[in-house]
Amino acid sequence: MAAPESGDGNNGAARMVTLISSDNTRFEVEAAAASLSQTLQLTILDGGGGGGDGIPLPNVDSATLSKVLEYCIKHAPAAANGGAPNATAVDRAELERFDNEFVNIDQSVLYSLIMAAHNLEIEGLQSLVAKKVADMIKGKSPMEIRRTLGFPDPTPEEQAEMNAHMLEYGWAYE
Amino acid sequence: MNFRSIRFPCRAGDAPTQAAAKVAAWVLDDDDLLREILLRLDFPSCLVRAAAVSKRWLRHASDPAFLRRFRCLHPPRLLGLYVCPMGPISSGPHQDLFPDSIFVPMPQSPAESAAVIRRGSFHFHLEHDIFHNSMWDCRNGRLIIDSYMQGYRGNFVQPSASCAIHQHHHCLPRPRDP
Numbered sequence: 430m431a432a433p434e435s436g437d438g439n440n441g442a443a444r445m446v447t448l449i450s451s452d453n454t455r456f457e458v459e460a461a462a463a464s465l466s467q468t469l470q471l472t473i474l475d476g477g478g479g480g481g482d483g484i485p486l487p488n489v490d491s492a493t494l495s496k497v498l499e500y501c502i503k504h505a506p507a508a509a510n511g512g513a514p515n516a517t518a519v520d521r522a523e524l525e526r527f528d529n530e531f532v533n534i535d536q537s538v539l540y541s542l543i544m545a546a547h548n549l550e551i552e553g554l555q556s557l558v559a560k561k562v563a564d565m566i567k568g569k570s571p572m573e574i575r576r577t578l579g580f581p582d583p584t585p586e587e588q589a590e591m592n593a594h595m596l597e598y599g600w601a602y603e
Numbered sequence: 473m474n475f476r477s478i479r480f481p482c483r484a485g486d487a488p489t490q491a492a493a494k495v496a497a498w499v500l501d502d503d504d505l506l507r508e509i510l511l512r513l514d515f516p517s518c519l520v521r522a523a524a525v526s527k528r529w530l531r532h533a534s535d536p537a538f539l540r541r542f543r544c545l546h547p548p549r550l551l552g553l554y555v556c557p558m559g560p561i562s563s564g565p566h567q568d569l570f571p572d573s574i575f576v577p578m579p580q581s582p583a584e585s586a587a588v589i590r591r592g593s594f595h596f597h598l599e600h601d602i603f604h605n606s607m608w609d610c611r612n613g614r615l616i617i618d619s620y621m622q623g624y625r626g627n628f629v630q631p632s633a634s635c636a637i638h639q640h641h642h643c644l645p646r647p648r649d650p
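Top to bottom, those sequences are chains A and B. The number in the working numbering is simply the position in the first sequence, starting from 1, with 429 added. The number in the working numbering is simply the position in the second sequence, starting from 1, with 472 added.
By construction, these hints were calculated from the structure, which means they are not laboratory data.
Only some residues are given here: those of chain B computed to face chain A with a beta carbon under 7 angstroms:
| no. | residue |
| --- | --- |
| 1 | A493 |
| 2 | V495 |
| 3 | A496 |
| 4 | V499 |
| 5 | S517 |
| 6 | A524 |
| 7 | A587 |
| 8 | I637 |
Cβ pair distances, simulated, as ranges:
| no. | chain 1 | residue 1 | chain 2 | residue 2 | range |
| --- | --- | --- | --- | --- | --- |
| 9 | B | W498 | A | E530 | 22 to 30 angstroms |
| 10 | B | L550 | A | N510 | 34 to 42 angstroms |
| 11 | A | N510 | B | A586 | 35 to 43 angstroms |
| 12 | A | N510 | B | F538 | 29 to 37 angstroms |
From the three backbone atoms N, C-alpha and C, an ideal C-beta is built for every residue, glycine too.
Pulled out of the complex, with its shape left as it was, chain A reads as follows:
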């Protein structure tokens, strides 16, 4: 895994931790990047994940974990700086560009990512993917939202409820 360019403020040598995906793939990553996960942060602070041990993540497969870590590595320097104070407009624009491209992925990967971000408590990533899913359903009618998300067709009762809702809240359906 590529090391982040800067931002590990504590000491020169970046501490590495090993994460193990559900399909037993090992990922070695800087502790600072893994610590973006609130769940992992506690384990890492307790000294876990170093040496040959590794932290098992039984709910995250390797494809999703590599994507999660790509996000964490990119965002770790900014997070280490406490978010904003030292970040220049260029840095922020670069992160924004990265985020936009990052979520430009297949729907199934998107959902796996948000689930992983939720389980690992990576707030920024969860928020980013939630925004992307929200953007997918924005501007659509309830029926189109159901189709976009692959819901089964509504029952006649559900359809009748949708129609009644549309009549009551006509202003939202312009």
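Following the hints, put chain B in place on chain A, whose structure we already have.
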């Protein structure tokens, strides 16, 4: 009645594969994640439409704690303002009458707001005994209006609350003199 699904046809790329639909159902079954997604719909009108997707979505979208977070993240937008003329009309058949407040929509409103403005009713019907409406205040999407009315014991002011979007109109009790 046909449901209005013709206006925004689904793009081909939008249809999820069977696998994606399975993961989507798994994700959207999680109440926390569903709320996080609904929270990021930018406009109240998007939230209202999403609320119609299912009963469960409606329950989350109308939960007071959720709505507080939604309003925090997306503060209410100004749809427009009322221009209230200061004096009576100086000539013509309506001489000495006060002209009504005029609604002016905000220029360059985002499309979602513009649609709400088109649909709302911002010009109030004058009852035959009301000769002037004056805007007092605006709170929580409702307008406080003073209607100057002609009564058999002289003219009086009837305050009322109106919601231009839902087109509700309620008379309010007159506040007591301090």
